[in-house]
Every structure is written in structure tokens, then in C-alpha cells.
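J.: Sequence:
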Amino acid sequence: MGEAVYPIERINLVTGKPFEDGEHILYVNGEYRGDSDIGKLIHDFNCTDAADMNFELLAERTRYLKNNPKGVSEMCKVIEDMRTRERKETMKEIALRMMKARRYALEEIVNISGLPLDEVKKLKAEQGS
136 MGEAVYPIER
146 INLVTGKPFE
156 DGEHILYVNG
166 EYRGDSDIGK
176 LIHDFNCTDA
186 ADMNFELLAE
196 RTRYLKNNPK
206 GVSEMCKVIE
216 DMRTRERKET
226 MKEIALRMMK
236 ARRYALEEIV
246 NISGLPLDEV
256 KKLKAEQGS
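Add 135 to a position in the sequence shown, counting from 1, and you land on the number used in our numbering.
Hints may contain errors.
Said to hold, decoys possible - Simulated crosslink set (BS3-like; lysine-lysine; CA at most 25 Å straight-line):
| # | residue 1 | residue 2 |
| --- | --- | --- |
| 1 | K227 | K212 |
| 2 | K235 | K212 |
| 3 | K175 | K201 |
| 4 | K201 | K212 |
| 5 | K212 | K223 |
| 6 | K235 | K223 |
| 7 | K256 | K235 |
| 8 | K205 | K227 |
| 9 | K227 | K256 |
| 10 | K223 | K175 |
| 11 | K257 | K223 |
| 12 | K223 | K256 |
| 13 | K257 | K235 |
| 14 | K259 | K227 |
To be verified - Derived CB-CB ranges, DEER-like:
| # | residue 1 | residue 2 | range |
| --- | --- | --- | --- |
| 15 | Y199 | P251 | 32 to 38 Å |
| 16 | D187 | P142 | 27 to 33 Å |
| 17 | P204 | H178 | 51 to 57 Å |
| 18 | N147 | A236 | 37 to 43 Å |
| 19 | M210 | G165 | 18 to 24 Å |
| 20 | K227 | E195 | 28 to 34 Å |
| 21 | D184 | H159 | 32 to 38 Å |
| 22 | K223 | N181 | 29 to 35 Å |
| 23 | F180 | K205 | 20 to 26 Å |
| 24 | A260 | A186 | 51 to 57 Å |
Treat the hints as calculated values from the structure; they're not laboratory data.
Since this is a predicted model, take the numbers as computed values, not measurements.
Backbone N, C-alpha and C fix where the C-beta goes; we use that ideal spot for every residue, glycine too.
With the hints as extra help, turn the sequences into a complete structure.
T.: Next comes the structure, spelled out in C-alpha cells:
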């Protein structure tokens, strides 16, 4: 609808009253462009070149993370850590599916998932299997 930000509040559909659980949701329109600070910030978040950014602090940090060898190294470590966490979560999901199938011994789950035996045992205990 062309707005930069859409504040969302949850309501009780039966009573029509606010849910008041303290949760507030803000949807940000990443396509929004405007002359306001929020429009300029969204523009900056979509920039690949720091030279095209409006806010110098964000441009400076972007230059550091993309052009400075130390910053590039930091960013690579962060990305690799994220990938490692994602892989581990995927392997946990696989291990849980194998446990549900009840056709695999713990050693097989360890070998296929690559998870340590103690972690597989912990998952099994949490599942009550």
C-alpha cells in the first residue's frame, strides 16, 4: 500500500479488544523509497555499494565489512558460524525423524547425522523415546 512501516497489533477476534500481550509487530516495506529518514534507511539497506548510501555511519560499517581485510574476515566468520548452526539444526531434525521411524539404532543415527552420541542420547531422552 506504499507505506514504509505497518504497525500490527493483535486483537481478540471474539471480543474485538486488543490482546495486550506486550507484543508489537512492525512490518517494514523493503521496497519503500521516500525522502524521509526511514525511506533513506531502507534505501541504504538495499545498497551494495557504500558510496551510494545516505547515512555515513552505515556506509562506514559497510565499507569496513566489505573492503577491509579484517572486516571481511569477521563477516566470513559470522557467515560460517551461521552455516554451522544451520547444518547442526538440520542434522538434529534428521536424527529426530530417524528416532520417530524407530528403525535405527543410536549408532546408525550418530553415523548418518554426524551428531555426537551424547547429543543423540539427549535428543532421544527429550523425545521420551
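J.: A separate judgement is required for each hint: does it hold in the structure or not?
T.: Now the hints, each set against the structure:
no., hint, result
1, K227 - K212, "holds (22 Å)"
2, K235 - K212, "violated (35 Å)"
3, K175 - K201, "holds (21 Å)"
4, K201 - K212, "holds (13 Å)"
5, K212 - K223, "holds (16 Å)"
6, K235 - K223, "holds (18 Å)"
7, K256 - K235, "holds (14 Å)"
8, K205 - K227, "violated (33 Å)"
9, K227 - K256, "holds (11 Å)"
10, K223 - K175, "violated (38 Å)"
11, K257 - K223, "holds (14 Å)"
12, K223 - K256, "holds (15 Å)"
13, K257 - K235, "holds (15 Å)"
14, K259 - K227, "holds (11 Å)"
15, Y199 - P251: 32 to 38 Å, "holds (37 Å)"
16, D187 - P142: 27 to 33 Å, "holds (29 Å)"
17, P204 - H178: 51 to 57 Å, "violated (28 Å)"
18, N147 - A236: 37 to 43 Å, "holds (41 Å)"
19, M210 - G165: 18 to 24 Å, "holds (21 Å)"
20, K227 - E195: 28 to 34 Å, "violated (39 Å)"
21, D184 - H159: 32 to 38 Å, "holds (34 Å)"
22, K223 - N181: 29 to 35 Å, "holds (31 Å)"
23, F180 - K205: 20 to 26 Å, "holds (23 Å)"
24, A260 - A186: 51 to 57 Å, "holds (55 Å)"
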